[in-house]
Structures are given as structure tokens and as C-alpha cells.
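Enquirer: Spelled out from the first residue to the last, the chains are:
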Amino acid sequence: MGVENPAEVAKFIIRSRIADPLFVYSYFSQLPDSNYSKLKYIISSSVTEACNNSVLLLGPRGCGKTAVLELVLEDLLKEHPDMISVVKLNGLLHSDNNCALKEIARQVCMEHQLQFSKMASFDENSKFLLSILRECGLAHKTIVFVLEEFDLFTEGKQRLLYSLLDAMQSVSSQAVVVGVSCRLDADQLLEKRVRSRFSHRKLLFLSSPGEDFQRLAEHILLLPMDSRLPNDFRASFNEKLLNILAGEEFKGVVDQLCYSDSTVSHLLRFLFCAVCHMDLSSGSLSIQNFKSALPSIQRQPKQEALKDCSVLQLYLLVCMKRLEVKEVELCNFNSIMKEYKSIPDSFQTCDNFARNVCLRAFEHLLQRGLVSFQDNRGQGQSTEFRPVKLLISWHELQQGLQSFPSCPVLLHKLMAREG
Amino acid sequence: MIPLFVYGGASTGKTSTVLYMLRHLKRPFIYCSCVSCYSPSILFESILNQILLHRKNESGGYLSAKRCERPSDFVNLLGEALTALIDSLNGNMGKSSPNGRMVYLVFDRLELVRECDKSDSIIPLLFNLYTLLSCSVLSQFYRITRRVDELSTAFSPLFKKYCEPLGDLVAVSNEDMERKLYRHLQPFISSSQNETFTISSQPLLKDRNLRKCVFKKSGVCETLDEIDFHMSTSAKYLLISAFLASRNPATLDASLFDSTGGTDNRKKKKRKVSEKSVDQKEAKEQEILMKGPGTFPLERLLAIPQCIASVGGYSLDNEELQNDGLRSDGSDSGSMSDILLQLSSLCRVPILLPKVESCPLEGSTRYRSIVSEDIVLKVARSLNSDDSEFDFTLKSLGLNGGLTFVCCCNPFALKKVKL
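Protein chains in written order, with our numbering: chain V, 1 to 419; chain P, 1001 to 1419.
Simulated from the structure, these hints should not be mistaken for laboratory data. Be a bit skeptical, because a hint or two may be false.
[Said to hold, decoys possible] The calculated lysine to any residue pairs, modelled on SDA-like cross-linking and capped at a C-alpha distance of 20 Å, are: (1) V:K118 <-> P:G1079; (2) V:K118 <-> P:Y1031; (3) V:K307 <-> P:G1008; (4) P:K1378 <-> V:V357.
[Unchecked claim] FRET-style restraints, in silico, Cβ to Cβ: (5) V:S281 <-> P:S1036: 40 to 46 Å; (6) V:E363 <-> P:Y1007: 38 to 44 Å; (7) V:Q398 <-> P:M1021: 46 to 52 Å; (8) P:D1374 <-> V:Q402: 46 to 52 Å; (9) V:Q402 <-> P:E1111: 46 to 52 Å; (10) V:N98 <-> P:S1036: 56 to 62 Å; (11) V:L206 <-> P:S1372: 45 to 51 Å; (12) V:Q402 <-> P:R1027: 39 to 45 Å; (13) V:N98 <-> P:T1017: 42 to 48 Å; (14) P:M1021 <-> V:S403: 27 to 33 Å; (15) V:Q398 <-> P:Y1007: 22 to 28 Å.
[Stated by the list, open to error] From chain V, some residues computed to sit far from chain P (all C-beta separations above 10 Å): (16) L92; (17) R159; (18) K192; (19) C258.
It should be emphasised that the depicted structure is a prediction, and the values quoted were computed from it without experimental measurement. Even glycine gets a Cβ: it sits at the ideal position worked out from N, Cα and C.
Please build the complete structure, drawing on both the sequences and the hints.
Expert: So this is what it looks like as C-alpha cells:
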């Protein structure tokens, strides 16, 4: 077995760790004052004391709300095996009341091995829900309702929320409602009667700052004791990795990454890219891997679209820009063609194409998303007459021209000239 | 594994690379294109059919395996189907079966989902499909856009032309010969560049290059083609009159379609017009041209061909009596229904577009002509070549590069004004 194999195994181990959210967020569970422990305390206390409760988990996307919730539920299921049953609903799928009740009935039936009838009507399902709550209350079993995308449940009349929270008001029921949402003002969206039945517990998940990330990276990237990996390989890999993570360059890369988005999932994607770039022959991660992963995370779609354009399309874009500078109020394909035809008058060029070719190139620009129609009203007219607008700025166009491989000098001159 | 997004310009090989790679590695995958699955229920059912290996056939009445309209049903059914599939893959370890336990879902041309009806709910659903499938099977998610390569249609005739002098195509070419070949090809390159985006109709492309060229002052060689579709004479008249009605305002009709052929205007003494008013008039005409074709009511469309036709001594029906040169003025009753039939077929092509917002109380609907000038010129020229005494010419007044079309019916002049 050469050096290839341990590196591949290492890559495989790290990638599977990154893709497993439970592993990633178990790091957070070790911290003493984290949301994990608070949430666990809330749910476990309501289980043991047999009372009803509701809580909202709020935070931007990719912060780990659902993952932390999964961890908590997993731990609680281990601690109190028969006292908890979980029903999961999602706002994208079940925001409609009928759908939601059907789904609740289906999940409860699956868990308790009851017969589930697809033809059950809305009334039957709601009666079923009430009776289930009553029965579980009598049996000292808590039902945990997990409502993901909670803000989508608050659209419309909020019947589901009201019926759930109302059912929880009775003495005989034992239920916990956990809402997970990316909108930080999700509780303001609730109706008055629903809000009054809701206990205003909120847990805020904020994205982790930069220096936390280093410890998280260590947690993920350091190779564990594994039978498939030779010990010396593992030791050298970990040592090199620690050196990199402590270095200044790495901190610079992470800072640049966190400027746009410092949520955990964003950083995880960055780590995944970096590990994919790992050179198998050298057998370890290098700082170069991290640096090359950065541009693939921070993409520039318009620049890429510009690089993809043909020279004729660049001419059309430059003509549109010049029209904008001249403040022509009607900018459609005809006016662009006029500007384009006026170029050979002042410059000698061989790039003089016919009108239908230019029209087709223009349509490709529309499809690519570099220009668009100004409004959707003119559906009856053909492409030549509808007013259009540029979707890239002067600065981006100039950058695109400079990085274009064989850009004619004429275009630069045209951009520079005002008239 | 984390979902993957493949993006890029048209015909860059995205779909082909992905599918080829999956087939080469023999991974089980499910492919659905958002071009054919334009609504959510079709999308869901297509995916489920592929997973359940169900083909629509006549015995089943072309039904899908399961009816699925709501996203919640889809997620449930998909989860069940995927677990069943993975179990069957695990159990069946024969040589012909695909490798691996991971099922790949490929969504092609995902940008079309934006335009389908319920796009608000479908887009987040598809993006979050990965997280919604909280079962033990992981699926990967590709998004690809794709388009047909248009350059091949242009290059194939060029290549044929390129190879013409070479009697023996197998002969190895050296650089000298290549240069000679290129020089031979060069005059045709510019003309075929202008035809880059044409899609050829049935007549062979070779004929186009051999057609006689008309040389303009600038020395650019342009081929004037005949129209290669068939239209009845009355339809041609309607097309031309629709074009004229769109481009000229209604107030000019009286002077243009005067039965004396407009010769009166020329005899009138021309006042000395000041330069400023000429410029203003030109600017206004330019503006009208830029804005595009205007709308006209149905009565105007029907009146113009009558004027044109009555001058030329041609009646709009009885094409078979053309040779007699009949000047039948009692045949108006028969022509009206023919014209209306032609009108509806023109609307379907579409050469005419009815303006959508017109109120039915206002009277007849207004129409707008959307053909370009060169097609109208071709049609007019084809009318010229018909055997009739009537000489229909279109005279163009060039105004700083813009064109205003004026119809000039001159039954007696034999001079043809060419563009």
C-alpha cells in the first residue's frame, strides 16, 4: 500500500464528516452555555414535569438550528426511551391545513403501528389529533411537534397553529411545539389569539465569529484514530494541519470568507471545496488548497458570463453603455443597431455584421441575463422594439473587457470615449 | 454528499458531461428535464416513474405509476420509493446492476422552473429537496442548463466550400495549400457570417452561395433571395398593406393611396421648407421608427388592399381568371370572406398580432404587423414577377440611416427603383 491509499482514505473520512451535520454540530454541544443545553433543558423539563411548552428557534439559514434540535432529540430519546414521540412538519410542504393534519395522522399512525387511512377527511383527522393528545397525556407521553419553516405556517388563517396551541391548553395533554424559522421576527407574524397561547420563549442562533471557526475546523479536519490509517501518516497529517490553521494566511482567508457570510454551512462548503482540492500525491492539506477553494465559493457570475460572450456581443454591450452615457431615453435594439452602425464611420474595423446576426447575438445576451427587458408589458411586440436595460455596471463591463482573452483594442477606445 | 450546481453558457457540455460521467461510472441516476416537465405534478410523476421503473404503456392507459400533485405527497412517496430502490440495489449484486448505493437526481434546465405557474413554492421545494428527504438514502442534486449549438449549421457549408478545390479529400494538406484554400474561401466567409444563425429550409444550402449577387456601392456582396414559402396573392397584398398600415400613420393614407398614384403631390409647388423643420420632421420619423410598428384597426387593413388592387386592375379573388385581366368590380361580395380567412391565417403565423388590451366595446380589435422590412420587400418583388400589368414599387427615402416606407403605386411608370 503506497501513500495514495491513506490520503484517499483520509479524504473520504473528512468529506463524510463534513456532510454529516450531526457530527459538525456535536462540537457545539460541548460548549457549556450554548443553545444546545438551553433547548435540552426546556424540552426535558417539560417531559419530566408533564407540562406543555412551546419554543421558537430563530436564526439565519445555515446556523445549525435543525441540527442542534436533532441532537437534542436524539439525546432525549436515549434518556427517556418511551416517553417521547416526535412529529415533524415542514412549512414548504404542509402549510395547508388539510395536508398538515393528514401528515400528523400519518406519522402518528406509523409510530404507534395504527392503521392509517388515506381517505380520512379533515374532520376525522382533527378528531384523531385531539384524541391522540388526550391519550398520550393520560399515558404520560409527550408529543414533540417540530414545525420547520415556521414563518410559512403563519400565512393565511393560521388554523393549524391555533388548533395545535389550543389543544395544548387543556390539562390532559402533554405536548411541546418547537418552531424553527429563519425570520427573526417570526413571532410577530402570529395572530393575536395564537400569540396569546404561545409562550414567548425564543432561542437565537447567531452565526459564529471567525476565531471560533478555527476550533471548528480542527474538530472536523483532524483525523481520528482509524484502523485504515497508518499511525505515522495520521500524526504527520495532523501536525501539518495544525500549523496551517494557526498561520496568518489561513486567518486572512477565513476573514475574507466571513465578510459575505459567516454561517456555519457556508464555512462547511468552503472546507469541502478545500478538501476536494487536496493533492493526493503529497498526502496532506496545504494552504494552497484553501486559497484555491476561495474563488469557487465566492463566484462572480456576471464576470463569468462576460468571459463567455463573443466579440459581437461585447460590441453590443459597449454600444448600450454609450447610449446610457448619452442619456438616450429609448434604448431598444434598433437604437443599439444605429449606434453599432455608426462605429465603422469613425473607426476602421472588420467587425461589421448584418442585422439579423446582431439580433441573434442580442437574443443570446437576453438569455444569458446580461440585458433584460425593462418591463413585461410589451409581449405583443417583437424583440427589436421592446426597451431593454443593462444588468451589469460600468465597472463590471470594464473588468470583463480587460480580462477578455482577445478583446479588440477598439472596444477599449470606445469605452473610454465619452462621445 | 452536498448538492451540486452545474451552470454555464449555452452548449458548453454541461448535460452531456454529467450524463456521460454517470453512465461511465455506472451510478444509478434519475434524469428529468424541466423543459418537458413544465408543471410540478408532471415533474413529480416523472421522477417517481423512473424510480419505480414504470413505463407508460398502452395497457395501463398511459398513466403514471402514482398520481402525485402535492409536494407533501411527493416527498413521502419519494422517500418510500428511494428506500425500496436502495434495498433492491443492495440485494441485487449482479454484474449488470449499477454501482453504489447513492442515487443521483439530475434536474436539467432548472431556470425554466421560474416561469412555471407555481414557481414560488416549487423553487424552494426543489432546492430543499435534499434536506426534506430525511431518510437514510442520500441523493445528489445537479442543475444544468443546455442549448443547441448553432455554429454547426454555419460551418458545414463553409467547410464544403473550403474543400471544393480539393478533388481528393484524403490528400494531406500543407500550409501553402491551406493558405490558397483560405483565399478561395474568403469572399464567402463574410456572406455566410451574415447567415450564421439561419436555419435552412429544404432547398440545399449549396444553392445559396451560387445565387447571383447584387453589388452595392460599398462593395459588400449581398444575396437577395426569393421567399421560400408559398403565399397566395391576396395574402401577399394583406401582408404588404398590414406593414404599410403599421408603419405609416393613418393621416397619410389619403395622400398615399390616391388613385392617381400620388402624382398630384409632385406637381404641387414645393414650398421652401426651412432646415429646422426638416430636421424636426426627420427626428420625429426616427422616433416613430424606433418605437416600433403601430396598431391599426381592421377597417384600415381592409381598405388599403382595395385601393392598391383597384389601381392595379387586380381583383382580390378569382386568381384563376388573372390571365384575362378582368376588371371585375361587381365581385366585392365574394372577396370579403376570403380576406377574413386570410386574416385569421395571418394571425396564426404570426404576421399580425391583435393588440390584447383593446376593449371589445370600442369596435373592432386593432392589429399590429410584426414582419421585418426585408420580408416585405421580398414579397413585393415576388408580386412584381407575377404576370400582371401592375407595377408595385416601394420607394424608400433614406434619412440618416433610417427608413420611412412610402407606397407609391405607379401603373404607368416602367422604371423600377431598386434599393
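Enquirer: Would you mind marking each hint as holding or not holding in the structure?
Expert: Hint check:
For the hint pairing V:K118 with P:G1079, the CA-to-CA distance comes to about 17 Å; that is within 20 Å, so the pair holds. Proximity of V:K118 to P:Y1031 is assessed by CA-CA distance (about 29 Å); at most 20 Å being required, the pair is judged violated. Of the pairs offered as hints, the one joining V:K307 and P:G1008 holds, with about 11 Å between alpha carbons and a cut-off of 20 Å not exceeded. Annotation: proposed proximity of P:K1378 to V:V357 holds, straight-line Cα distance about 19 Å (limit 20 Å).
Judged by the Cβ atoms, the range 40 to 46 Å given for V:S281 and P:S1036 holds: they are separated by roughly 44 Å. In this structure, V:E363 and P:Y1007 break the distance hint of 38 to 44 Å, their C-beta atoms being roughly 19 Å apart. Roughly 37 Å separates the CB atoms of V:Q398 and P:M1021, a value that falls outside the hinted 46 to 52 Å. For the pair P:D1374 and V:Q402, the beta carbons lie near 38 Å from each other, so the given range of 46 to 52 Å is not met.
A hinted range of 46 to 52 Å is violated for the C-beta pair V:Q402 and P:E1111, which are about 29 Å apart. Take V:N98 and P:S1036: their Cβ atoms lie about 30 Å apart, and the range 56 to 62 Å is violated. Between V:L206 and P:S1372 the Cβ separation comes to about 59 Å, which falls outside the hinted range of 45 to 51 Å. Roughly 41 Å separates the CB atoms of V:Q402 and P:R1027, a value that falls within the hinted 39 to 45 Å.
At roughly 43 Å, the beta-carbon separation of V:N98 and P:T1017 lies within the given 42 to 48 Å, and the hint holds. Roughly 29 Å separates the CB atoms of P:M1021 and V:S403, a value that falls within the hinted 27 to 33 Å. A hinted range of 22 to 28 Å holds for the C-beta pair V:Q398 and P:Y1007, which are about 24 Å apart. Some Cβ of chain P comes within 10 Å of the Cβ of V:L92; the nearest lies about 5 Å off, and the non-interface call is violated.
Residue-level check passed: V:R159 sits 16 Å from the nearest beta carbon of chain P, beyond 10 Å. For V:K192, the non-interface assignment is confirmed: its Cβ lies about 27 Å from the closest Cβ of chain P, beyond the 10 Å cut-off. Distance check on V:C258: its Cβ is at least 20 Å (rounded) from any Cβ of chain P, clearing the 10 Å threshold; non-interface status holds.
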